[in-house]
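Participant: Chain by chain, the residues:
Protein chains: 2
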Amino acid sequence: MPDPAILDRLRAAVEKNFEAETAFLSELVRFPSLRGREAPLQDWFARQMAGRGYSVDRYTLADVPLESHEKAAPMVDVDPAGSVQVVATKRAKEAGGRSLILQGHIDVVPEGPTSMWTHPPYGGVVRDGWLYGRGANDMKAGVAAMVFAMDALKEAGLTPKGDIHVQTVTEEESTGNGALSTLLRGYRADACLIPEPTSGTITRAHTGTIWFRLRVRGVPVHVAVADSGTNAILSAMHLIQALQKFTVELNEKAKADPSFGGVKNPIKFNPGIIRGGDWASSTPSWCEVDCRIGLTPSMEVADVQKGIERAVEAAREGDTFLANNPPEITWHGFVADGYVLEEGSEAERVLAAAHGQVFGADMEERLSTAVNDTRYYGRYYATPALCYGPGGEGNHGFDERTNLELLKKTTLSMAAFIADWCGVE
Amino acid sequence: MPDPAILDRLRAAVEKNFEAETAFLSELVRFPSLRGREAPLQDWFARQMAGRGYSVDRYTLADVPLESHEKAAPMVDVDPAGSVQVVATKRAKEAGGRSLILQGHIDVVPEGPTSMWTHPPYGGVVRDGWLYGRGANDMKAGVAAMVFAMDALKEAGLTPKGDIHVQTVTEEESTGNGALSTLLRGYRADACLIPEPTSGTITRAHTGTIWFRLRVRGVPVHVAVADSGTNAILSAMHLIQALQKFTVELNEKAKADPSFGGVKNPIKFNPGIIRGGDWASSTPSWCEVDCRIGLTPSMEVADVQKGIERAVEAAREGDTFLANNPPEITWHGFVADGYVLEEGSEAERVLAAAHGQVFGADMEERLSTAVNDTRYYGRYYATPALCYGPGGEGNHGFDERTNLELLKKTTLSMAAFIADWCGVE
Numbered sequence: 111m112p113d114p115a116i117l118d119r120l121r122a123a124v125e126k127n128f129e130a131e132t133a134f135l136s137e138l139v140r141f142p143s144l145r146g147r148e149a150p151l152q153d154w155f156a157r158q159m160a161g162r163g164y165s166v167d168r169y170t171l172a173d174v175p176l177e178s179h180e181k182a183a184p185m186v187d188v189d190p191a192g193s194v195q196v197v198a199t200k201r202a203k204e205a206g207g208r209s210l211i212l213q214g215h216i217d218v219v220p221e222g223p224t225s226m227w228t229h230p231p232y233g234g235v236v237r238d239g240w241l242y243g244r245g246a247n248d249m250k251a252g253v254a255a256m257v258f259a260m261d262a263l264k265e266a267g268l269t270p271k272g273d274i275h276v277q278t279v280t281e282e283e284s285t286g287n288g289a290l291s292t293l294l295r296g297y298r299a300d301a302c303l304i305p306e307p308t309s310g311t312i313t314r315a316h317t318g319t320i321w322f323r324l325r326v327r328g329v330p331v332h333v334a335v336a337d338s339g340t341n342a343i344l345s346a347m348h349l350i351q352a353l354q355k356f357t358v359e360l361n362e363k364a365k366a367d368p369s370f371g372g373v374k375n376p377i378k379f380n381p382g383i384i385r386g387g388d389w390a391s392s393t394p395s396w397c398e399v400d401c402r403i404g405l406t407p408s409m410e411v412a413d414v415q416k417g418i419e420r421a422v423e424a425a426r427e428g429d430t431f432l433a434n435n436p437p438e439i440t441w442h443g444f445v446a447d448g449y450v451l452e453e454g455s456e457a458e459r460v461l462a463a464a465h466g467q468v469f470g471a472d473m474e475e476r477l478s479t480a481v482n483d484t485r486y487y488g489r490y491y492a493t494p495a496l497c498y499g500p501g502g503e504g505n506h507g508f509d510e511r512t513n514l515e516l517l518k519k520t521t522l523s524m525a526a527f528i529a530d531w532c533g534v535e
Numbered sequence: 111m112p113d114p115a116i117l118d119r120l121r122a123a124v125e126k127n128f129e130a131e132t133a134f135l136s137e138l139v140r141f142p143s144l145r146g147r148e149a150p151l152q153d154w155f156a157r158q159m160a161g162r163g164y165s166v167d168r169y170t171l172a173d174v175p176l177e178s179h180e181k182a183a184p185m186v187d188v189d190p191a192g193s194v195q196v197v198a199t200k201r202a203k204e205a206g207g208r209s210l211i212l213q214g215h216i217d218v219v220p221e222g223p224t225s226m227w228t229h230p231p232y233g234g235v236v237r238d239g240w241l242y243g244r245g246a247n248d249m250k251a252g253v254a255a256m257v258f259a260m261d262a263l264k265e266a267g268l269t270p271k272g273d274i275h276v277q278t279v280t281e282e283e284s285t286g287n288g289a290l291s292t293l294l295r296g297y298r299a300d301a302c303l304i305p306e307p308t309s310g311t312i313t314r315a316h317t318g319t320i321w322f323r324l325r326v327r328g329v330p331v332h333v334a335v336a337d338s339g340t341n342a343i344l345s346a347m348h349l350i351q352a353l354q355k356f357t358v359e360l361n362e363k364a365k366a367d368p369s370f371g372g373v374k375n376p377i378k379f380n381p382g383i384i385r386g387g388d389w390a391s392s393t394p395s396w397c398e399v400d401c402r403i404g405l406t407p408s409m410e411v412a413d414v415q416k417g418i419e420r421a422v423e424a425a426r427e428g429d430t431f432l433a434n435n436p437p438e439i440t441w442h443g444f445v446a447d448g449y450v451l452e453e454g455s456e457a458e459r460v461l462a463a464a465h466g467q468v469f470g471a472d473m474e475e476r477l478s479t480a481v482n483d484t485r486y487y488g489r490y491y492a493t494p495a496l497c498y499g500p501g502g503e504g505n506h507g508f509d510e511r512t513n514l515e516l517l518k519k520t521t522l523s524m525a526a527f528i529a530d531w532c533g534v535e
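If you read the protein sequences in the order shown, they are chains A and B. First residue of the first sequence? That's 111 in the working numbering, and the numbers climb one at a time after it. First residue of the second sequence? That's 111 in the working numbering, and the numbers climb one at a time after it.
Bear in mind the hints are in silico, worked out from the structure with no lab data behind them. Hints may contain errors.
[To be verified] Which residues of chain A face chain B? A partial, calculated answer using Cβ under 7 Å:
id: 1; residue: P220
id: 2; residue: P394
id: 3; residue: H506
[To be verified] List time: in silico SDA-like cross-link candidates among lysine to any residue, alpha-carbon distance up to 25 Å:
id: 4; chain 1: A; residue 1: K264; chain 2: A; residue 2: E204
id: 5; chain 1: B; residue 1: K378; chain 2: A; residue 2: E204
id: 6; chain 1: B; residue 1: K378; chain 2: A; residue 2: E427
[Claimed, not checked] A short list of chain A residues far from chain B (calculated; beta carbon distances all over 10 Å):
id: 7; residue: A202
id: 8; residue: P230
id: 9; residue: G428
id: 10; residue: R476
Since the structure is predicted, the reported quantities are computational estimates derived from the model, not experimental observations. Where a beta carbon is used, it is the ideal one built from N, C-alpha and C, also for glycine.
Build out the structure end to end from the sequences listed, making use of the hints.
Facilitator: Below you can see the structure in the form of structure tokens.
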């Protein structure tokens with residue numbers, strides 16, 4: 111637990127810098143860092159960190175041997191060479207304290223129809239204690255928090271005794287390859303903190319995620335021959351219904367999962383993008399659906415993939431079009447395991463103490479039915495990986511916003527955690 | 111019935127010009143005259159007709175008062191000023207014989223994935239007695255036939271005694287406004303022949319067509335709240351199913367139609383284009399479906415539109431997303447009546463005689479469950495409108511092709527019809 115005097119100094123520092131932190135977050139939000147378009151933000155971020163005296167490594171996904179790792183995910187529709195990663199390192203003068211990775215993703219998901227937003231999605235507008243915009247909460251607020259937690263230590267005249275890597279990655283929303291790349295690039299530490307917007311809770315476990323693209327294509331039977339199932343759009347609907355049934359089965363199996371057994375229907379299936387056909391008066395010959403499905407940490411990705419294939423194959427029988435035209439399945443993104451943060455780690459104990467001091471309450475835990483990047487550090491590289499950060503609402507929806515009071519508090523609890531984990535001089 | 115000697119001269123002329131006719135059709139097919147992109151073909155066609163000595167009127171849909179006519183259809187996604195029409199007129203030296211409109215549409219529907227075609231869709235390739243390509247059959251073959259039927263008369267030294275307008279129009283596949291524009295522009299005649307690919311049959315009646323765009327948009331309920339109906343794509347599927355049920359009702363009513371009562375399910379519903387969502391892992395907030403539905407000639411367009419609105423409204427009740435987010439319906443194209451060619455017209459009698467002479471068999475009749483342009487001339491301007499022409503297969507599908515033997519025969523029967531209807535000197 112940090113020394114109360116140190117905490118007071120950190121609190122004063124966070125307070126002093128908070129206007130700058132809010133401006134920094136607004137600036138982050140103003141970059142429309144959609145998939146494949148993250149480079150301008152990363153270049154700006156790299157300059158910011160270099161200006162703060164970090165040693166900065168800027169590289170792209172084409173610079174690491176992704177394909178060498180079994181947990182790398184397929185990247186479709188995007189060029190790895192355009193996907194920029196930044197690792198900003200502050201090395202301890204002497205190796206002594208524990209090292210730490212602070213990691214955040216700066217890729218955001220599409221904002222949808224702009225007219226549905228109260229404030230412009232890339233405006234970074236502040237109103238009544240909230241900062242609005244796509245990515246404001248998920249998770250540029252966390253990125254601002256980790257940078258300003260470090261700034262607070264410096265402002266307070268505290269120098270960490272362990273090496274610290276401040277990393278901003280891409281691909282969290284589609285594959286996870288950005289996080290994996292930092293490990294393949296060689297960055298390691300004694301613990302990892304990813305400040306996703308958890309509203310000051312610790313993430314005990316998250317489900318896995320699989321992405322797949324269904325492609326229905328073929329020569330349709332003439333409408334004169336049959337009144338249903340002769341049209342690629344209708345056949346895609348038929349496949350979606352088959353996958354809804356498969357999801358019910360998966361949720362039945364999920365009742366046996368040690369982490370998610372008590373959660374009602376933790377497996378979510380989402381047909382997220384659909385496109386098909388060329389003309390209102392022509393029977394559509396093609397339809398594509400981009401889908402996402404979850405899995406519990408105790409399920410294997412390969413087993414769920416086989417289940418998807420079986421469900422699609424079985425659905426062909428009941429459909430005139432599909433019977434003659436086998437649909438294709440493309441694994442076009444996430445093939446992500448779930449992850450459970452084992453209880454009792456020293457890293458979690460130190461974070462809980464810092465949280466308790468700042469919030470005056472216990473750090474509660476949550477289960478997440480969406481994936482995050484902790485799995486790479488925690489599951490494959492034996493690094494305790496804590497998912498804990500600020501909070502808000504509207505992730506992936508309209509009027510996404512982050513709460514500035516929570517941002518300030520978690521910035522402080524993170525600063526206190528860093529001080530206590532690494533030690534300071 | 112044409113004089114057998116005249117028919118022989120016409121037959122020889124059609125035969126002599128047939129290589130040129132085939133080349134002319136290939137050239138027509140090589141223009142990718144998709145909606146909004148018809149102008150290059152029309153300009154070429156106008157020059158061709160001017161070169162043959164016709165008086166050519168080239169104008170666009172922005173040049174006629176479309177909105178003044180209650181049967182004009184809404185045009186969405188396309189600029190009327192870019193939609194070029196051509197009327198090529200050959201006037202009789204003295205008004206004496208009956209006048210005639212020959213009309214064909216040169217707009218084509220999208221070709222779909224090119225990889226599904228055996229021959230390039232805009233190649234105009236000839237193989238084993240067939241000419242391949244998008245629009246080759248529907249209905250550039252008919253356009254070639256009407257031009258070369260007229261050429262055959264000239265080649266045979268026969269001059270029609272009535273005025274003849276050879277018209278190529280757009281928008282047949284989407285609104286019908288091209289055909290309507292020729293009437294608003296002032297062109298009239300004692301009969302109209304539209305050589306759609308009917309394989310030498312006369313079209314006794316065609317169904318009407320309505321286009322509409324369903325737009326589902328709103329703030330989705332979070333996936334945590336409900337497991338179905340919280341997603342714009344799933345809600346669009348729900349609407350499609352409601353419209354399938356509405357189609358069953360319409361087909362029940364269609365049993366009372368004097369023309370289509372004996373046809374099984376003459377009303378076809380087609381969801382032809384779908385698009386929705388932005389990200390596999392975000393609940394889609396929007397989905398659009400472009401649809402087409404038919405109606406019998408005895409049904410009113412306005413009644414079917416009301417039925418569609420009622421079906422969509424009723425479907426909202428069973429769907430969490432739609433209950434909170436009313437879908438929009440946009441009438442974005444066809445609002446087309448059906449049409450019945452009344453039996454017993456002199457024009458049909460003359461055509462049947464010409465057909466019988468050329469084919470050595472009676473002209474059979476067909477019922478069409480798709481719309482064509484005859485309704486404007488026949489239903490609103492009291493002009494007997496005959497839909498009769500060459501034939502092939504693959505309209506709106508892959509490997510569309512027209513049969514060259516049928517093209518030659520119908521070119522001759524059309525030439526014989528023109529000679530007999532207008533009279534020649």
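Participant: All hints are to be evaluated individually against the structure, with a verdict given for each.
Facilitator: Now the hints, each set against the structure:
Here the hint on P220 (chain A) is kept, as its CB sits about 4 Å from the closest CB of chain B, short of 7 Å. Contact between P394 (chain A) and chain B, as hinted, is supported at the beta carbon level, the nearest pair being about 6 Å apart and thus within 7 Å. Interface hint at H506 (chain A): satisfied, since its Cβ lies 4 Å from the closest Cβ of chain B, which is below the 7 Å cut-off. Distance restraint check for K264 (chain A) and E204 (chain A): the Cα-Cα separation of roughly 17 Å lies within the 25 Å cut-off, and the hinted pair is therefore satisfied.
Between the alpha carbons of K378 (chain B) and E204 (chain A) the distance comes to roughly 78 Å, so the proposed pair goes past 25 Å and is violated. Annotation: proposed proximity of K378 (chain B) to E427 (chain A) holds, straight-line Cα distance about 24 Å (limit 25 Å). Here A202 (chain A) stays apart from chain B, with its beta-carbon at least about 38 Å from theirs, past the 10 Å limit. Under the 10 Å C-beta cut-off, the non-interface status given to P230 (chain A) relative to chain B holds; the minimum distance is some 17 Å.
Every CB of chain B is more than 10 Å from the CB of G428 (chain A) (nearest about 15 Å), matching its label as outside the interface. The claim that R476 (chain A) is not at the interface with chain B holds, since no C-beta of that chain comes within 10 Å of its own (minimum 12 Å).
Hint compliance for this structure: hint 5 is the single one not met.
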